[in-house]
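**Student:** Chains as they are written, first to last, in our numbering: chain L, 1 to 235; chain E, 236 to 895; chain G, 896 to 1155.
Warning: the hint list may mix true and false statements.
In silico DSSO-like pairs for lysine-lysine, Cα to Cα no more than 30 Å straight-line [claimed, not checked]:
# : chain 1 : residue 1 : chain 2 : residue 2
1 : G       : K908      : E       : K471
2 : L       : K73       : E       : K471
3 : L       : K30       : L       : K73
4 : E       : K667      : E       : K657
5 : L       : K55       : L       : K73
6 : E       : K351      : E       : K657
Simulated coverage check for chain G against chain E, where a stretch passes if three residues somewhere in it have a Cβ under 8 Å from a Cβ of chain E [said to hold, decoys possible]:
# : stretch
7 : 974-984
8 : 991-1003
If you only want the chain E side, here are some residues facing chain L, beta carbon under 10 Å, derived [unchecked claim]:
#  : residue
9  : L393
10 : N396
11 : T402
12 : D412
13 : K415
14 : G419
15 : P421
16 : E675
17 : D733
18 : R735
These aren't lab readings, by the way, just hints derived from the structure by calculation.
These numbers come from a predicted model, not from an experiment.
Each residue gets a CB set at the ideal place from its N, CA and C atoms; glycine is no exception.
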Amino acid sequence: MSVPILDVVDLHAAYGRIEVLRGVDLSVPKGAVMALLGPNGAGKSTLVKVISGQKEATSGDIHLAGVHVRNAKSDDLARVGLCTVPEGRSVFPNLTVEENLRLMSYAGVPTAAILETAYSYFPRLHERRNQLAGTMSGGEQQMLAMSRALASDPALLLLDELSMGLAPLIVEELYDTVARIAESGVSILCIEQFARTALRVSDYAAVMSGGRIVATGEPGEILDTMADVILGGAA
Amino acid sequence: MSSLFAFTLLGLFTGAAYAIMASGLVLTYTTTRVFNIAHGAFGMVLAFTFWDFTQRQGLPTVVSLILVLGVVAPAIGWFIQRFVTRGLGEGPVSVALVVTVGLLVGLIGLAQQIWKPQPRVLLPFYPETGWQLGDTYITAHQVITIVCSIIVALGLYLLLNRTRIGTAMRASVDNPDLLKLFGGRPDTVAALAWAIGMSLAALGGILLTPVVGLDYFSLTLLVINAYAAAMLGRLKSLPLTFAGAMGLGVLESWAVAYLPTDGFWSTIRPVIPALFLFAIVVIMPQAQLRIGQVKGIIAAPVPSMTRAAGSGGVLLAFAFVLISLVSRSDVLLIGVAATYAMVMLSLVLLTGYGGHVSLAQFTFAGVGALAYAKLDEPNLFGLAMAGLIAAGVGALVALPVLRLTGLYLALSTLAFAVLMDKMIFQAEYAFKFNGVLATERLSILGVRIGSDRSYVWFMVLSFVLMGLFLLWLRRGALGRLLIAMRDSPSGCGTLGLDLRWFRVGLFSLSAGMAGLAGGLFAGLRGTVGAADFLYFQSLLVLLLAVVFGVTSVTGAMLGGTALMLLPVWQSSAPSLAGLLFAVLGFGAVLLGRDPNGIANHLFKLGRLGTGRLLPQWEQQFRLRLDGLLKPGRPAPAHSIDRVDEAVTEPMTGPMNQGVS
Amino acid sequence: MGALLEVDDVVVKFGGVTAVNRANFTAERGQITGLIGPNGAGKTTCFNVITGLQRPTSGRVRYRDRDVSRWPVHKRAKHGIGRTFQRLEAFGSLSVRDNVRVAHDIHGGPLAWVRPSGRTSLEIDVLLDRVGIAEYADERADSVPTGTARLLELARALACNPQLLLLDEPSSGLDETETDAFGELLKDLAAEGAAILMVEHDMDLVMAVCDDIHVLDFGQIIASGTPAAVRTDPAVQRAYLGYAETDHEGDHTSEMGAVS
Chain L
1 MSVPILDVVD LHAAYGRIEV LRGVDLSVPK GAVMALLGPN GAGKSTLVKV
51 ISGQKEATSG DIHLAGVHVR NAKSDDLARV GLCTVPEGRS VFPNLTVEEN
101 LRLMSYAGVP TAAILETAYS YFPRLHERRN QLAGTMSGGE QQMLAMSRAL
151 ASDPALLLLD ELSMGLAPLI VEELYDTVAR IAESGVSILC IEQFARTALR
201 VSDYAAVMSG GRIVATGEPG EILDTMADVI LGGAA
Chain E
236 MSSLFAFTLL GLFTGAAYAI MASGLVLTYT TTRVFNIAHG AFGMVLAFTF
286 WDFTQRQGLP TVVSLILVLG VVAPAIGWFI QRFVTRGLGE GPVSVALVVT
336 VGLLVGLIGL AQQIWKPQPR VLLPFYPETG WQLGDTYITA HQVITIVCSI
386 IVALGLYLLL NRTRIGTAMR ASVDNPDLLK LFGGRPDTVA ALAWAIGMSL
436 AALGGILLTP VVGLDYFSLT LLVINAYAAA MLGRLKSLPL TFAGAMGLGV
486 LESWAVAYLP TDGFWSTIRP VIPALFLFAI VVIMPQAQLR IGQVKGIIAA
536 PVPSMTRAAG SGGVLLAFAF VLISLVSRSD VLLIGVAATY AMVMLSLVLL
586 TGYGGHVSLA QFTFAGVGAL AYAKLDEPNL FGLAMAGLIA AGVGALVALP
636 VLRLTGLYLA LSTLAFAVLM DKMIFQAEYA FKFNGVLATE RLSILGVRIG
686 SDRSYVWFMV LSFVLMGLFL LWLRRGALGR LLIAMRDSPS GCGTLGLDLR
736 WFRVGLFSLS AGMAGLAGGL FAGLRGTVGA ADFLYFQSLL VLLLAVVFGV
786 TSVTGAMLGG TALMLLPVWQ SSAPSLAGLL FAVLGFGAVL LGRDPNGIAN
836 HLFKLGRLGT GRLLPQWEQQ FRLRLDGLLK PGRPAPAHSI DRVDEAVTEP
886 MTGPMNQGVS
Chain G
896 MGALLEVDDV VVKFGGVTAV NRANFTAERG QITGLIGPNG AGKTTCFNVI
946 TGLQRPTSGR VRYRDRDVSR WPVHKRAKHG IGRTFQRLEA FGSLSVRDNV
996 RVAHDIHGGP LAWVRPSGRT SLEIDVLLDR VGIAEYADER ADSVPTGTAR
1046 LLELARALAC NPQLLLLDEP SSGLDETETD AFGELLKDLA AEGAAILMVE
1096 HDMDLVMAVC DDIHVLDFGQ IIASGTPAAV RTDPAVQRAY LGYAETDHEG
1146 DHTSEMGAVS
C-alpha cells in the first residue's frame, strides 16, 4: 500500500481547558474521497483547523504525503498543496470575483490558468467577474470558493461544511463539482452535515463524536448509523 | 468672486498634502487594525531627517527625497510593524492606543534630542518659481503638492486594484486568516502597508513643513487633520479620505480669508480640524453591539477597605513627616505630584477599570482649575463646582462619541484637548492668551488652609480619600458592572444595561475627578494659566499612568510622582531633556501591553517577600536573636502582619528618593 | 390577546446572503418552543433580531402586543426578554456568583446598589442552586466548564425575572444526567408562566420538553408543530439528511433559478 496522503495519529487539541480533540486517528488514502460526518460539537471543524494549520495541536502527529506537518503555518501548507475551504463563505466579500480568483495564484498556479479553469467550469462567474463577491448569492459564492479547489490542483482538499445554509439543489451541484475534482485524482476530506449527499461522492466515511473517530467504513454501512446519530433515533 | 476662487485653490493645495498624509493613515489602519496616533510624529521626524540631509549634510534635494521616502521611511515602517505593532490589532483598542501614544511621545523626545531646539527653515521646493493665474499667485511648491497627491492617489489605486500584493492588502482587511489559507502572507502585506504608510507620512510632512513650520508639535498634530479627513471615509474609504482632506483644506483657507482677524473668531483657525472632526463624528451612525467571546483579564489585586485605609493612613503620616522636613519648593512639588496622582486616579477609573482611553484627562483638570479660578469661591462649594463643571464638560465630549467604539472616543478626546488648549483656554473669558488667573487657597468651613505645608498635606489627604472612594466603587456594584461591561458588552445589554448612558456617566465621573484635582491644583499655585494645561501633558499623564499601573491606586501614586519628577530631571540635565521623553515614550511602547504596570510587579514582589523571604529572614533573625536575648518574644510575627499590607511599602519608596 | 412573542415576516440580509428569509413564528406563555434546523439555518440570527442585537432588513418583532422592532437592546431586556448565547458571553473575570449579582445590579437599577447585600446574596444562592451550579459559585467564570458557563448564563438571565427566555444551545457541554435535570428545570420554568424559546441540537431533549417546534432551514420556517408531527415531516428529514431525489419546495426556486 502506498503512503496515505493524510495520516493523523492520536491528535489532541483544546480550547483553554476544554479538550475538543481527544485522540483522533484518521487516514485518507491517496486519491480517495473521505467523508467525515458527525453531530454538532463533535470536533470536526476543530480537526480541519488543526490540519490546515489554523490552530495548534496539543499533542499527536499529522503527516501530509508522508511529511510531518504538525503546527506548520497555514500559509506554508497552502503553498505546498493543501487546499482548505473553511466553514462559512470562504471568499473575500469586498473583492470582485476576478480579484478573488487572482489571489488564488498564491498556491502556485498562474493567474491565467486559474481564470480559464474557473470560467470554463462556472460560466456564471465570468458573467459576474466584476461584481463584489459578497453581493452574490450563497451558491455562487461557494462556486467561487470551489474554483480554488478546481484550479489549484491540490495534493489534498479539505472541505468544511460546504452545504451550510444552501438549498439542496445547489448542494447537489456543488457535490457534482467535488466528484469531478475527485475524478482528476485529487484526494479529498470533506466534512458534512448532509450525510447522504456527501456519502454519494465518497469512497470512505468516518463518523466523529466526542472528539474521537467512532466509526469508519464504506459509505453504505455508515449511512445506516447516521440517522440515529443526528436525529437522535427519532427518524 | 475671484478671491473666493483664489482661496479655494489655496485650500486645495493644503488639502492635497493632508490627503497624502491621511491616505497613509488609512492604509496602515485598515490592513492592521492599529490606528497610528504617531502618524504625524513620524512625519515630523522624517521631515527633520529631510532637513538634516539637505541642510546639514548638504545632499541634493532629489537625493535626500529619494533617501527619505524610499529608504528611511519604509525601513522604519517595516521595523515598527515587525517589532512594535504586530499582533496589536487583535488585542484591546486601549493597548494599541497606549503603544502608539508612547511612540508619539518617544518620537518627540527623540527629535528634541537629535535636533536641539533652534530656528530651522525648510524652504519650499523651487521657492523662486511661481505663476500668476488671474489675480492668484501659484507657487511651484503648491503645484508639486497637488501633483504629488495625484500621483499618490493613482499609485494607491493601481497598487490596490491592479497588483496581487495590493489585492492581498484589501483581502487581509476582509479576512487575514482566509488569506493564509490562500497561501498569502498577511504579515508581509502588513509590513508593506506600514512601509508605504510611513513614506506617505514623510511626504505629507515634508510638503507641509513650509506651511506649518519645522516644529516638533505642529507637525505631530497633523495626525488630527489626517484623522478628521479619514473619518469622512470612516477610516476605510480612500476616495472619501481624499475628499475629506480637500474639504478640510478649503475650510481652513476660507477661515483665514473670511473670518475676522481678531477676537474670538481668530482663534478658530487652528482648531478647524478638531471642529470638522466633531461634526463628522456627530453624524456617524450608531455602532452595533458585537457578539463574541471575550476572555477575562487578570487585574491588579483590590485590597480590602481596612487594608486600603491603613495604607492611606501610613501614606498620610509619611507625607506629614516628609512635608515638614523638605524645603518650600519641594513641598510645592509634592503638591504637584498629588495633582498628577489624582488625575491618574481618574484614569484608573476610566481606563483601568472601564477600558476606555482618554487623551484629554489633564485638560479636564484644566477645566476644573478654570472653573475654580473663575468662580472665585475658594471653599468646598467652589471645589465641588470645579468637579461638577468638569464632569459636565466630560459628558458633553463623550455623548456624541460613545455611540461609536473606544478608538473614536480616544481620538476625539485628543481633538478636544487640542481644541481647549488652542482656543478655549486662551480665550478672553478664560485664562487669556499668555495670561494667568489668580486663585485663592481653599477654606473649609471658614478655616483657610493658608500655609504651603498644610495645603499640600490636604492635597495628599484628598488623594487618599479619592483613592479610597475609587476602591469603594470598585468593590461595589459599580466595579462589578465595569468589569462585566469590559468582559461582555452584549451580555450587559441583554441584561438591561443602557451601555451608552452608563459609559457617559463613567466618562463624566472620571472627568469630574480630574476637575477636582485641577481645582486643588489652582489653589496650590495661586496663579494658573493656559500654559499649565497643554494637551501634551494629557498624553504624558496617560503614559505614566499605564507604565506604573493604571489598574491600581498605587500605580497612580507612583505615576504622579514620576510625572512630577520628569521636568525636575529635565531641568537638571537640559541636554538630556529630549532623551527622557524618548525613554518614557519607548518605555511605554514596551510596557503598554500590560496595563497593570510596574505597581503590579511590586505587589507580586511584596507577596513573594511576605510569602517566602520574610519568613526565612524572620527565622534566621530569631535564631540569631535567640543567642542574644531571651526566647519567646512575639514581636517579629507582628511586624510581618504590618508588612503584609503590601501596598504601603512600594508606595513610599520612590517618593522618598525623589524629593530628598 | 396574541402570543407573547410574534416574529412577523422577518428578513435579514448580510450583503447578498439572506440569513433569515420571511420567518414567522410565535412563542406562548407557559410553553417551551423549540427552534431547530441545520447549521447556518439562521437560528442565532433570529435570536439576535428578537433581542435587538441585529436590526432586521424588513419585518417586525411583536412582544406583548407591541411592536418592539425599533427598541434598543437594553429596553427589551428591561421589559422581560432574557437570553443566553451560543458563543458564551459570561463575564469571564468575575466569579460565578458575581455574574448573577451583576444581573441583579442591572435589573434593580441604581437604587439596588445601595440595598443591603444580604438578601440579594440569599436570592443568588437559591438561583445558583436551582440551575445546579452552586458548587462553582466562587470560581471565575472563565475557568468553569462550558456546560456550567451555559447554566450560569441561564441563571444570570433568570435573575432578571424574564417573561420570555431565549436559550441558544443551552445543553451543549452537559452530560446526560445534567441534561435530564436541565429538561426538568425548563418544564418548571414554563409551568411558572415563562415563555421559553430554545435553539437546540440535542433532539432527545427537544422532543422531550418542547410543546411546539419550528424548523428553520435556509432562513425559512419549513415546518411547525408538535414534536411528533415534526419528527415525521419529510421536509425536516430532507433538511437534516439532505435527501436529493425528492421534488423541491416552491420557496427554493428563486435561489435555484439564480444558479441553474
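**Student:** Taking the hints in turn, state whether each one holds.
**Tutor:** Do the hints match the structure? See the list:
1. Note on G:K908 and E:K471: the hinted pairing holds, with a Cα-Cα distance of about 22 Å set against a maximum of 30 Å.
2. For the given pair, L:K73 sits about 29 Å from E:K471 by alpha-carbon distance, which is consistent with the 30 Å threshold.
3. The straight-line distance between the Cα atoms of L:K30 and L:K73 is roughly 23 Å, inside the 30 Å bound, and the hint therefore holds.
4. Proximity of E:K667 to E:K657 is assessed by CA-CA distance (about 11 Å); at most 30 Å being required, the pair is judged to hold.
5. Distance hint between L:K55 and L:K73 is fulfilled; the C-alpha atoms sit about 9 Å from each other, no more than 30 Å.
6. Straight-line distance between C-alpha atoms of E:K351 and E:K657 comes to about 24 Å, which keeps the hinted pair within the 30 Å bound.
7. Beta-carbon proximity to chain E at under 8 Å applies to 7 residues in the stretch 974-984 of chain G; the threshold of 3 is reached and the given coverage holds.
8. Coverage of a stretch by a chain is defined here by at least three residues with a beta carbon nearer than 8 Å to that chain's beta carbons; for the stretch 991-1003 of chain G and chain E the count is 8, and the condition holds.
9. Residue-level restraint check for E:L393 is violated (minimum Cβ-Cβ distance to chain L is 14 Å; threshold 10 Å).
10. Taken as an interface hint, E:N396 checks out: its beta carbon lies about 8 Å from the nearest beta carbon of chain L, inside 10 Å.
11. A hinted interface residue such as E:T402 counts as satisfied when its beta carbon comes closer than 10 Å to some beta carbon of chain L; here the least separation is about 5 Å, so the hint holds.
12. Taking 10 Å as the C-beta contact cut-off toward chain L, the hint placing E:D412 at the interface holds, the least distance being around 6 Å.
13. The closest approach between the C-beta of E:K415 and any C-beta of chain L is roughly 4 Å, which is under the 10 Å cut-off, so the hint is satisfied.
14. A hinted interface residue such as E:G419 counts as satisfied when its beta carbon comes closer than 10 Å to some beta carbon of chain L; here the least separation is about 5 Å, so the hint holds.
15. With a least beta-carbon distance of about 8 Å to chain L, the hint placing E:P421 at the interface is held under the 10 Å criterion.
16. A least Cβ separation of about 58 Å between E:E675 and chain L goes past the 10 Å threshold, and the interface hint is therefore violated.
17. Taking 10 Å as the C-beta cut-off, the interface hint given for E:D733 is violated, the closest approach to chain L being about 32 Å.
18. Interface restraint check: E:R735 against chain L, minimum CB-CB distance 29 Å, threshold 10 Å, status violated.
When held up to the earlier numbered hints, the structure conflicts with 9, 16, 17, 18 and fits the remainder.
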